[in-house]
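Undergrad: If you want the building blocks of each chain, they are given just below.
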Amino acid sequence: MTNLSNDVVLYRRLVGARIRSQWQYRASFVLDAVGSFCMTAIDFVVVWALFRHFPALDGWTLPEVALLYGISGIGIAVADLGCGHLEELYLDIRSGKFDVVLLRPVSTLVQVLAADLALRRVGRVLQATAVLVYALAAADVAWTPARLALLPVGVVCAALLYAATFVLWAGISFWTLGANEVGNAFTYGGNTMTSYPLSVFGAWLRRLYAFVVPLAFVTYFPGLYLLGKDDPLGYPRWFQFAAPVVTTAYVAVALAFWRFAVRHYRSTGS
Amino acid sequence: MAAYVALVRAGWRRWSAYRAATLSGLATNVVFGFLRVAVLLAALDAAGPIAGYDRSTAITYAWLGQGLIMTLAIWRWVELATRIHSGDVVTDLSRPVDLQGAYLAEDLGRAGYQLVTRGVPPFLIGAVAYDVRVPGGAATWLLFTVSLSLAIVVSFAMRFVVNLGAFWVLDFRGLHGASTVLVTVASGFAVPLAFFPGWLETLLYALPWAAMVQAPIDVFLERHTGAGLAGVVALQALWSVALLGAGRLLLHAATRRVVVQGG
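Chains as they are written, first to last, in the numbering used here: chain Z, 1 to 270; chain A, 1 to 263.
Heads up, a few of these hints could be off.
As the list claims (entries may be wrong) - A short list of chain Z residues far from chain A (calculated; beta carbon distances all over 10 Å):
(1) F54
(2) Y196
(3) G228
(4) V253
Stated by the list, open to error - Here are the computed distance ranges between Cβ atoms for each label pair:
(5) L91(Z) / V90(A): 20 to 26 Å
(6) V153(Z) / P197(A): 35 to 41 Å
(7) D54(A) / Q24(Z): 51 to 57 Å
(8) R207(Z) / S16(A): 30 to 36 Å
(9) V8(Z) / R95(A): 48 to 54 Å
(10) D54(A) / R263(Z): 22 to 28 Å
(11) V90(A) / L10(Z): 55 to 61 Å
(12) D99(Z) / A10(A): 32 to 38 Å
(13) Q24(Z) / V169(A): 15 to 21 Å
(14) T202(A) / L31(Z): 28 to 34 Å
(15) Q24(Z) / V97(A): 54 to 60 Å
(16) L4(Z) / R55(A): 48 to 54 Å
(17) Q24(Z) / G228(A): 52 to 58 Å
(18) S149(A) / L31(Z): 36 to 42 Å
Just so you know, these hints were derived from the structure itself, not from any lab.
For each residue, glycine too, the CB sits at the ideal point set by N, CA and C.
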């Protein structure tokens, strides 16, 4: 446990230093953040372009779909901000630079995560938040304490799930030594997927995103509860509250796999 | 000329070296294809045909788009920008071939390889899984070949221009990010341009991004006939010339006025 709290303290220090250093270039940071806000805003235009033609997609109105988009969008944006650079870890593994990480008496994952922080992606977080705010204002949510509690839980779990997915695919790059486009199918692809109700997808895609990479547990299932909708797919009702349990299990698997992958590291031959 | 032919070959061979990456990328494109088809079909179920897209044309649209991603390299191509930042572009400039011509030749080789490995397979998989709309007449196929070739040139010329921006900005990521989002939406890749309100569709169709994705797909789906069809392909040709010209002008300006870093 002391190890873990040490890791947390160290991560906060290292990331704090990164934030301070990036904050030195204030104008550049603000421009980047505003730019990425405007650019990702275009992303939602696509959803709007579809919904111009019908009132509801499989029974979900635009504000309701925006709720899914918002939860998933904040999740991926936060995860991408903190872990997106793991996609380039294969370069360090290939070149042998990962050696340095093993020499220091600190958790490998903390070092790798703290190595970079894409603060400029805060614009994306804001864009997804704006969509979520629109969704909450426009959709008819009958607020209860349980619903009020479930919304932040869904958002936090979504961020953790996407972050763990980045870690999993970074672990796989210890073997592939290359950029992993398949990982994108579960990070950015997962985001596209979970922005729409699960029921529009065919059986194998549903299983893939509900049980293999359990993104449906942080968006679709809690979304059903928040909006008081019936699940046309007939999954058990407790799925709607299972986000914390599923996320914890998934994160544990990702961490275990990371340790396994690091042990596999053989450095370069020369 | 022999040098450019050799560069086309080199482009092909260079990309064919990464087989595992090709396979994993292909798998990704295919998974996304199924996702996109599911969303489009749900939309059509809710609305009926949208702007002339029925089930089979929407399916065909989605799978053609998945095949175009890598064939056109619409998203990630930062090679020239990287070489500009590192200063390596000086080596490129001192070679006895035209810089833009050399990059174009290599990109054509790349596009050829990606067309075979990443362009056709997703479409074939889509055709097995769903009913796709395949044009019957030889004329359409011929025109599609022309339109696709022009799309590759427009895409290269646009990427070349955007990459040249690295001569002027210190951090290329912002420019690259902006161009990625623009191409995704304005090219008609994310949703058909016809799904947008009329004024926006007209505007986007006139811009160069539409010449990359929406134009060849429209030719394949036979959405235009006669003068309209000729106009679509002519516009692609116009953008090819204009963007290649803009690239030359920018390169000229850059080599005259900008000090290359890294020296």
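Undergrad: Confirm or reject the claim that L91(Z) and V90(A) have a C-beta distance inside 20 to 26 Å.
TA: holds (24 Å)
Undergrad: The output says V253(Z) does not contact chain A. Does that hold with a beta carbon cutoff of 10 Å?
TA: holds (21 Å)
Undergrad: Could you tell me whether the CB distance from T202(A) to L31(Z) stays inside 28 to 34 Å?
TA: holds (31 Å)
Undergrad: Honestly, do L4(Z) and R55(A) meet the 48 to 54 Å range at C-beta?
TA: 53 Å Cβ-Cβ, so the 48 to 54 Å window holds.
Undergrad: Between D54(A) and Q24(Z), does the beta-carbon spacing fit 51 to 57 Å?
TA: Given a distance of about 55 Å, which is inside 51 to 57 Å, the answer is holds.
Undergrad: Just to be sure I understand the hint, the distance between the Cβ atoms of R207(Z) and S16(A) should be within 30 to 36 Å; is that true here?
TA: holds (34 Å)
Undergrad: Quick one: are D99(Z) and A10(A) within 32 to 38 Å, going by C-beta?
TA: holds (34 Å)
Undergrad: May I ask you to test the hint 55 to 61 Å on the CB atoms belonging to V90(A) and L10(Z)?
TA: Check failed, 42 Å falls outside 55 to 61 Å.
Undergrad: Take a look at whether the Cβ-Cβ distance between V8(Z) and R95(A) falls inside 48 to 54 Å.
TA: holds (53 Å)
Undergrad: Okay, Q24(Z) versus V97(A) on CB: inside 54 to 60 Å?
TA: violated (42 Å)
Undergrad: That 22 to 28 Å hint for D54(A) and R263(Z) (C-beta), does it hold up?
TA: Cβ of D54(A) to Cβ of R263(Z): about 54 Å, so the range 22 to 28 Å is violated.
Undergrad: Far enough from chain A: is every CB of that chain over 10 Å from the CB of F54(Z)?
TA: Given that some Cβ of chain A is not farther than 10 Å from that of F54(Z), nearest at about 4 Å, it is violated.
Violated hints, in rising order: 1, 2, 10, 11, 15; the structure is consistent with all others.
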